Amino acid sequence: MARKLIHETPRTILVTSALPYANGPIHLGHLVEYIQTDIWVRFQKMRGHDCIYVCADDAHGTPIMLKARELGITPEQLIERMGREHRADFAGFLIAFDNYYSTHSPENRAFAEEIYRRLRDKGFITKRIISQAYDPEAKMFLPDRFIKGECPRCGSPDQYGDACEVCGATYAPTDLRHARSVLSGATPETRESEHYFFTLGKFEGTLTEWIKRGSLQPEIRNKLNEWFEAGLQDWDISRDAPYFGFEIPDAPGKYFYVWLDAPIGYMASFKNLCDRAQLNPGLPSGASFNEYWARDSKTELYHFIGKDIAYFHTLFWPAMLEGADLRKPTGVYCHGFLTINGQKMSKSRGTFITARTYLEHVKNPEYLRYYFAAKLGAGIDDIDLNFEDLIYRVNSNLVGKFVNIASRCAGFINKQFQGRLADKLADEPLFARFVAAGDDISAAYEAREFKNVATEIMSLADLANQYIDQHKPWALAKEPGREDEVQTICTMGLNLFRILTAYLRPVLPRMAERAEAFLNIDSLTWSDIKQPLLNHTIKEFKPLMTRIEQHEINTMTEASKEGAGKIAPSAKSALELEPIAPQIEYEDFAKLDLRLAKIVQAQPIEGADKLLKLRIDLGGETRTIFAGIKAAYTPEQLIGRLTIVVANLAPRKMRFGVSEGMLLAAGPGGKDIFLLKPDAGAQPGMRLK
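If you're matching positions, the sequence shown starts at 59 in our numbering and goes up one per residue.
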């Protein structure tokens, strides 16, 4: 592995992933990006850098409006529902956002309007009458993605109305040949309407300079040069009603195109985090918004995205920021698509797999995190998820090589030495070799060459296992008088395991926590590996990871063949599902003492599928409550939130402790749980009357 220089001085970094669209579930193709980003962010934090990771749901556009109409709910209800599901899926795969928000937010509206005004006042917005596709049966102008036809450049069939997925060309929907409406199948009519445009061509010089200085992949630079050669066209930033989004100031009936306010969602999510951090010092960022987004900002800003949206992030987005007097990204990192068993994801083959289906059947998210890491490089090549290869890499590498180091050594230390490690290393040069490998591994993490990280770590794991095989502690343990040798050999093995655990921590955070608990140490940082763990007591070893079984893959693919990606409409109203209870007298109600409470702590409970352990503040008195809301809320969403509790409910002894109250919530249960939220000004301890 070639060693590259990496940053050693403290850095201040803001990282984003592309915003998932809020009209469908997260699937394994999405997770390539979020796992890649999460690994890179965890590495930066482990190195001691101030690195913040924000994201949000992309909640606007005609598809949202039409999906909500199909389900018989409002767009707001749809995006709230999908937001909960997305958060739960990301949490299930250990994606540790510092803030996850929505583009349908007051912050996003304010930023979109302000950026638009700045661009307008500087002369970067123009208006003109355009001809666009209209569905005479659906009675609405058609979004680009609701028109399909042949690409006007390469002739590829079944391409969307804004860009060709085959040749990468961008165009107007009216340029498509043999166009048809996705909604009705009708041939779109051409009608005129006044639209608003962003004059992208005025920023060619600025963009050219940014591309020279910015951190972009060679493939993306080449594609940008092609776009420059073709000429930068004005960008249509408006859409006609009906449309779900933000109305353009001073333009009734005209709405911001979703791609204008979507990347602004990065700013809005970060602003929301900054504002919340002022109220809750426990949140990760106490910095001001301007420190990160002002034109002269010294911080770093990186976007991780799919290669299919490079055009928006490397042309429109930096040009908008430049025109609005804001900073441009430090770098934009693109990745390829995911194929499964060598082919595109397919519902009929059971390979269009949602995050939830994976978690329900395979369960361990770290199998997939490791597999993706072992396949991901710094380029934009597609990666393939081959199930046979997945099983082999998990069982052979993670379990058979890595975890096996600890299991081979821990038993001797626990049984013969009461868990006490030796006070010296058996092979200091080998330990030094493992420590020195950290420079190359760190450089590979920094460069997003995760497959090189995995290769190097497994090579080291081979060396550790060879060391144990060579010295055979199981044989020495049978020979009287050689106890010290057994202790030092196994201490050596566990120290090598500890180093590898540190190197793998960004990829396998949950497994690392279990290993740290077994080793009886605090959370590992990069600098910890330099000093060996000696004369130290470890805890009893428990299996850190089990093998993946073929039947888990089989049941997952079978389940994926049945209605993957669908959102079921509500068949009955809430009252039909749960009729109003019999009448009570006022005196019965008055017995309840309902209080506002602030959730100050929230954490999952090992062994509990539904419960979260909450610590609540009742305005001077704190209590512990166990609430069955794990499927609907992550702990991060709850901390700092005001809600309503039954304060005079008798304490209830549960398996995990005593619950001293009850949260009030609406909904049928499972993912569909909705905590009640008071208006601004309410304080913990106030009684509801």
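Derived by calculation from the structure, the hints in this document are not laboratory data.
None of these values were measured; they are calculated from a predicted model.
A few of these clues could be false.
To be verified - Distance ranges between label pairs, derived from CB positions:
1. 245 - 129: 25 to 33 Å
2. 646 - 710: 17 to 25 Å
3. 732 - 353: 24 to 32 Å
4. 469 - 724: 18 to 26 Å
5. 725 - 477: 15 to 23 Å
6. 589 - 477: 33 to 41 Å
7. 267 - 67: 23 to 31 Å
8. 236 - 571: 53 to 61 Å
9. 597 - 737: 44 to 52 Å
The C-beta atom is built at its ideal place from N, Cα and C for all residues, glycine as well.
A range of 53 to 61 Å was offered for this pair. Does it hold for the Cβ distance of residue 236 and residue 571?
56 Å, holds
Distance restraint evaluation - residue 725, residue 477, Cβ atoms, bounds 15 to 23 Å
Violated, since residue 725 and residue 477 (Cβ atoms, about 47 Å apart) do not stay within the stated range.
Do residue 245 and residue 129 keep their Cβ atoms within the hinted range of 25 to 33 Å?
28 Å, holds
Does 44 to 52 Å hold as the CB distance between residue 597 and residue 737, or does it fail?
48 Å, holds
Taking the Cβ atom of residue 469 and the Cβ atom of residue 724, is their distance within the range 18 to 26 Å?
About 51 Å separates the Cβ atoms of residue 469 and residue 724, which means 18 to 26 Å is violated.
Would you say the C-beta atoms of residue 267 and residue 67 sit inside 23 to 31 Å of each other?
Once the Cβ atoms are compared, 26 Å apart, the range 23 to 31 Å for residue 67 and residue 267 holds.
Check the following: the C-beta atoms of residue 646 and residue 710 are separated by a distance inside 17 to 25 Å.
Between residue 646 and residue 710, where Cβ atoms are some 21 Å apart, the hint holds.
In this structure, is the beta-carbon distance linking residue 732 and residue 353 contained in 24 to 32 Å?
Given range 24 to 32 Å: violated, Cβ gap about 41 Å.
Can the suggested window of 33 to 41 Å be confirmed for the beta-carbon pair residue 589 and residue 477?
Distance hint for residue 589, residue 477 is violated at roughly 20 Å.
Hint violations for this structure: numbers 3, 4, 5 and 6, all remaining hints satisfied.
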